[in-house]
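Quick mapping for you: the protein sequence lines, in order, are chains A and B.
For any residue, its number in the working numbering is found by taking its place in the first sequence, counting from 1, and adding 9.
For any residue, its number in the working numbering is found by taking its place in the second sequence, counting from 1, and adding 1.
No wet-lab data here; the hints were simulated from the structure.
The beta carbon of each residue, even a glycine, is placed where N, CA and C say it ideally should be.
Mixed in with the good hints there might be a few duds.
Cβ pair distances, simulated, as ranges [as the list claims (entries may be wrong)]:
1. ARG145(B) x GLU118(A): 23 to 33 angstroms
2. GLY44(A) x GLU132(B): 27 to 37 angstroms
3. ARG38(B) x ARG220(A): 30 to 40 angstroms
4. SER20(A) x PHE40(B): 56 to 66 angstroms
5. LEU48(B) x LEU175(A): 43 to 53 angstroms
Here are some, though not all, of the chain A residues that point toward chain B, as calculated from beta-carbon distances under 8 angstroms [what the hints assert, rightly or not]:
6. GLN84
7. TYR90
8. GLY94
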Amino acid sequence: MSRLEIGVRKSWPGFTLDVEWQAGDGVAVLFGPSGSGKTLTLQCLAGLVRPDAGRIVVDGQVLFDAAAAIDVPPQRRRVGYVFQGYALFPHLTVRQNVGFGLRDRARAERRRRVADVLGRLSLETHADRYPRELSGGQRQRVALGRALATDPALLLLDEPLSALDLPLRQALRDELRTILAGWGMLAVLVTHDLTEAYRLGDRIVVYEEGRVIQAAPRSELLWQPSSGNVARIMGLRNLLQGVVLKATPERIQFRWRGQTLEAVNSPTHSYLPAPESPLGFFIRPEYVRLIRKDRDRVDSAHHMNLMSGTIVHEVDFGATWTLHFRLDEPGSPAQGEYDLEVEVPRLVYEILEIDRDRHWRFSLHRGSIHVLPSA
Amino acid sequence: MSPDSISALRLSLQVAVAATALNALVGIPIAYLLARRRFWGKSAVDLLVTLPLILPPTVVGYYLIVLLGRRGVLGAPLYELTGWTVAFTWYAAVIAATVMALPLLVRTVRAAIESVDRDLERAAYTLGRSELRTALEVTLPLARNGILAGLVLAFARALGEFGATLMLAGNIPGRTATVPLSIYTAVQTGESGEALGLVAVLTLLSCLVLVAANQLGPRTV
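Let's have the full structure, built from the sequences with the hints guiding it.
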């Protein structure tokens, strides 16, 4: 059951936001490049921006409906908002910031509630400090606490980690995940970082230029981007183009760079392109399997989609090596200087002595070639 | 110092304090609206409030007479109703000083309000505060130094106001003759000792105001 339904449109000179998506329990992540309308969507949800048309429903309560002239003001939407940069009140202490939304509660209840929130977020010892005296991580927790103290029906988080340095960012990402899971509330989080989207989101809504180009559960998005556009925005590598030979609901055979490859047809978007039509697909670099020359006997049952090529370029990333392969097939490579990017763990690189041996055969399981429906 | 000089000094302070209070009352809401709202006629309001900064004070005084004089647009009905007119009373001096000081206050306060992060106001709205309460609890406290600086400037401007006051309030010793007007009279009648004393006092006061304004500086919170 979806607890959040939004379908809104608003035009500014030079930009139009026109989005529609739903979310159930847990965290929905709005993912996409800067300027694609993610923050504006949060502001529509909070009632800070008024759409030209559309409808917003949270937990059965209509917050906005242009047709019925309903527009609940931000003060009465029961929405908690964690702003980018946190927007903590600089002239108030941590305690006053957290208690800011509880003004109409009885004094005793307010005090109890603030103490409870400060305790859950480990902020008791900083209760009487001012925001400027806090670290980035503490500020984030104060912003979160201030929004959560009012017990909102919906929590909005705008790039909650972007103000932090990288090491802290990773630690706090997991902390935020624990906090959100612990509170168990409906939340919408905006990010342009794919790792963050995957770590924090149960459902991911991909934005581009004011529109939604895909909304799907996290796992589905990872393996089945609905189009080449989504795959590009997600920063997927080895995004390639082939020509269909034969398509069945289970398998798709296609040609690419002189090879005949076979892929599993997408289980949810099973579709049947006509032979000779173009086919977009992507191969995750870490799923390409190098064949050991000393041990593995090459047989087609084990080694589907067999190819061979030479390493033309490599990059050491510490824990992994990225290798750029050029196929033995003549003709110009698919991605400029190379055909395929392959990623191997450092240990594999050392055991196979890849630094000395530059020519390899490799295979791809048919489940590791991901077919993209044409847009 | 002569009794006339002392009464001029007392009157000047009285007028400047009243004009500053009126500025706070009228100018801060205008500055807020100009900084945060979009409304019909906004640029006209902006122009009207700024005009006294550019116009010769006597021209402003002339408009005030047209508006508030005994035969003025507002002054005539008021006179018919009550038999009282604001012209040539110390209230007239207050009004003239208020109008002349308003641009300084509004411009300073508006800039201070505009420098407050709008996300802070948005945060207050989502936490249940009305726009008025948000202005009182968040925006204005954070613009405090700019507001104080604006009030100090308005006070200084009101203290030194001459032209518009002369037009609307006249130069009646003990009633509307503020320090700048008394200096003028003293010089005209050759009482140079009297003039020197008042000039010294006004210079000293202005210096104090400037020092106070510098102390406020940019907001540090």
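Item to check | Violations among the numbered hints, reported as their numbers in ascending order | outcome: Number 4 - this is the single hint that the structure violates.
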